Amino acid sequence: MSATRAFDYSGPPEIAAALEQALRRVVDPEMALNIVDLGLVYGVEIDEDTVKVRITMTSAACPVAELILDDVAQELVALLGPRTKIDCELVWDPPWDPERMSPGARMAMGWD
Amino acid sequence: MTAGRIALLALAAASLVAAVLGGLARLGVSIAVPTAAANHGVLMTGGFLGCVISLERAIALGRPYAYAAPLAAGLGAALLLAGFRDAGLVVSLAAPVVLLAVGIDLVRRQPLTHIVLLVVASSCWLAGDAFLLAGAQPDVCAAWWFAFLVLTIAAERLEMTRLARRAPAAAWLFGAAVVLVLCGALLQSWRMDVGGVVFAAGLVAVAAWCAAFDVARRTVRTGGYARYAAIALLAGYAWLAVAGIAWAAMSAGHGAWRDAALHALGLGFVFSMVLAHAPVVVPVVARRRLRYSPLLYVPLALLHASLLVRLAGGAQSFALRRWGGILDAVALLAFAGTLAFTLGRSGSAESKPRTTAESRRSCV
Numbered sequence: 001m002s003a004t005r006a007f008d009y010s011g012p013p014e015i016a017a018a019l020e021q022a023l024r025r026v027v028d029p030e031m032a033l034n035i036v037d038l039g040l041v042y043g044v045e046i047d048e049d050t051v052k053v054r055i056t057m058t059s060a061a062c063p064v065a066e067l068i069l070d071d072v073a074q075e076l077v078a079l080l081g082p083r084t085k086i087d088c089e090l091v092w093d094p095p096w097d098p099e100r101m102s103p104g105a106r107m108a109m110g111w112d
Numbered sequence: 001m002t003a004g005r006i007a008l009l010a011l012a013a014a015s016l017v018a019a020v021l022g023g024l025a026r027l028g029v030s031i032a033v034p035t036a037a038a039n040h041g042v043l044m045t046g047g048f049l050g051c052v053i054s055l056e057r058a059i060a061l062g063r064p065y066a067y068a069a070p071l072a073a074g075l076g077a078a079l080l081l082a083g084f085r086d087a088g089l090v091v092s093l094a095a096p097v098v099l100l101a102v103g104i105d106l107v108r109r110q111p112l113t114h115i116v117l118l119v120v121a122s123s124c125w126l127a128g129d130a131f132l133l134a135g136a137q138p139d140v141c142a143a144w145w146f147a148f149l150v151l152t153i154a155a156e157r158l159e160m161t162r163l164a165r166r167a168p169a170a171a172w173l174f175g176a177a178v179v180l181v182l183c184g185a186l187l188q189s190w191r192m193d194v195g196g197v198v199f200a201a202g203l204v205a206v207a208a209w210c211a212a213f214d215v216a217r218r219t220v221r222t223g224g225y226a227r228y229a230a231i232a233l234l235a236g237y238a239w240l241a242v243a244g245i246a247w248a249a250m251s252a253g254h255g256a257w258r259d260a261a262l263h264a265l266g267l268g269f270v271f272s273m274v275l276a277h278a279p280v281v282v283p284v285v286a287r288r289r290l291r292y293s294p295l296l297y298v299p300l301a302l303l304h305a306s307l308l309v310r311l312a313g314g315a316q317s318f319a320l321r322r323w324g325g326i327l328d329a330v331a332l333l334a335f336a337g338t339l340a341f342t343l344g345r346s347g348s349a350e351s352k353p354r355t356t357a358e359s360r361r362s363c364v
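Note that the protein sequences, when read in sequence, are chains A and B. So that you can map any letter, position 42 of the first sequence is 42 in my numbering, and since no number is skipped, the others follow by simple counting. So that you can map any letter, position 50 of the second sequence is 50 in my numbering, and since no number is skipped, the others follow by simple counting.
Excised from the complex, chain B in its bound form (with noise of 0.2 Å):
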């Protein structure tokens, strides 16, 4: 099983190596994978996010089938990379699909609202892939994409949030902030600019909201791994914020916000996610344990200031981006540097009893 895992785990860091390589030749930096740069947006947010979220569900439900979403997340990727762009669009589509069926199963295990919002989150994107197979504009996959992936985000938060007391306005500004993001995707895929906008509001609402309101604040007074994993996500608050507002300048006709629009979210706001919450994830997948070192800090520190020099630059140094998008990847490849570094150092948890993987068994 946790073979199987590390498997789906490896596939996924494949389609992130490519998605990365493909994001570099976009920037003018010599890459001979032509399919890599092609489907950079899919290879980041179904190939490696998507396949990586469904493994983390397929994991947290405990039934077999569940991993057919992460593998069809990882297998479409990798044959979208090989030149099948129609099968691999096709085997793609169906790691949602499964996703929706294993968060439907968890709603009926423990039926609460950020368990269904993880549901909706997985519709957008299905709804991503399927305007994709269909051919239509890259930013309305772009807008439904990142739904999925702000909307993950945001349930996860909300039910960190219900650990703290929190304002009772607190429920439905954070519904209505759902609902923006939701109606700008819709409406983004019929009118680019009257959705974009909203859907920008809706990002910053999001933002507002957890920076308001997630229990970070608390534990960024704490220490050791809570603390770094704190800053990493009220960081990326503060890029969601600004991807917001990029995009809606993009989505008023500043073409030229589109990089900062599609970066301060994808790498300020998901990727800081992603480094919060790896060092715990990738023990859980691997089932070998990791201790905390504060070298984390290294590779979260440069992927922020590797997106201030891409951002600094704006439209009008493209240098200046090519530059950032350079350090980006270094700090990605960092990051999985000091992940290995920190996995080598810690024990194995092959000690563990026996009985308790097979009670588990008999219980999730």
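Pulled out of the complex, with its shape left as it was, chain A reads as follows (with noise of 0.2 Å):
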């Protein structure tokens, strides 16, 4: 197990900066913020042939979720492969906080 800075992340360790890359191609429209700064992204877990994801939405109440999962999978699947089985799994638990925002992110936010 080893944690980049911006979530957990458990697989093999020369892939993490490719996937922490794919994820960043991920943006909130209106936002015009990636889902990694967001703070979004809780944990990815690579087991063999599957990866497993967890992510947040700041509300949830925002239909936009669908296609942000949408969008992981497919970014994932063109970084690992077709064969690839993409486990996106939607958490409110812990429930997301601006602390969770990278530093770039809240500074465009105004909160440093």
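To give an idea of the interface, some chain B residues facing chain A are shown, with a C-beta separation under 7 Å as derived from the structure:
1. A60
2. L106
3. Q110
4. I115
5. E159
6. L163
7. A226
8. A229
9. V280
10. V284
Stretch by stretch, here's where chain B covers chain A in the computed footprint (C-beta under 8 Å, at least three residues):
11. 20-32
12. 62-70
13. 89-98
The set of hints was computed from the structure by calculation and includes no laboratory data. Only a predicted model underlies this, so the values are computations on that prediction, with no experimental measurement involved. Glycine included, each C-beta is placed from N, C-alpha and C at the ideal position.
Take the two lone chains, each set in its own frame, and fit them into one complex as the hints suggest.
This is the structure we're talking about:
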């Protein structure tokens, strides 16, 4: 078990950076911020040909969750190959908090 | 599932078309659908906006029963158009009832202020429909319906502002604005003059709060879709303030301001939000990619320009109001065309891995 700066990661260390880059390509359309910088990705576990992603949203009432999960799956399949099983889990616990945002995102949003 | 959602969106679109035709008929443009003119307000608020809002909420909740809300809103509108007024109103009433239940389920999932406010907003829709069924004055129903729309949008904006740092007073100011809107709608049910002025103050307060604290102030400095959405939002807040002033004038006995109040609010504020978010929501419903196009600015500019024409005429020039109304319809048509064009240019989402959809069903 190792941890990247932005989310829990368990899997081959050699693809950790590429995986984070892939997830950074998934962007919240209205905020123009990616899901990693927003702190929406809680964890990624890679076990042989299965990738488990735990992800949250800022609001349970937001219908865009589906689009974002689709984008995550698409990016991971593009990175790891079409035979990879993608298991995206939308989680609400622990609840998202602005503290989870990256320093750059927090600065853009006037926190720091 | 996607086909069912698209069918519900089509039902909402049919209500929108009928509502626009009904609005044009009221402005003296010859339209041979008398039920559309008679039901312009309920078709627009319940049949279109209520249907779309409850469809979005059903997708967010991910439970089948939630789709009964957009279905009831759409079918109720269809019954009204077909001339079955009583049946249409009763079926329409089921939509906010289901939306309330959906909201309570979402509060259980995530007990946050903005989701509680979505439930409060749904109850305003229910109140408006109940007053209509009970034969109340159209403006009493309009205040409740607009309270539903304004508070729904305010709740969604409150959620977005969580991402940015806010002044400590922001939460209290937001609460005060919401209380004004609710008290205004409630008072207006008995006293149009006093209630209307309180409601108007609430609209101005929500507009001021959003203009001061919304993240759109930051995202307007980005680019692409985020900037387009921010411009649409900020323009909408300006119209919300105008609507508040016009609503106060209308409530103080200046009936000539009624058209300005209802349409600065409905078109300038609410539809600006629709134009801002449809490029994200339509792809969610249709499960189809949409590539952002700067062409979206054309209908947005047309919507706001046509509203300026409509309001510039005021009570003095029915001709200007009429031309403004016609241009409003052209703006909405241009927006539908632009969306269809950008959807047509973009790829479908059918190549998605099945595993994603399956895992989502198990977790949402």
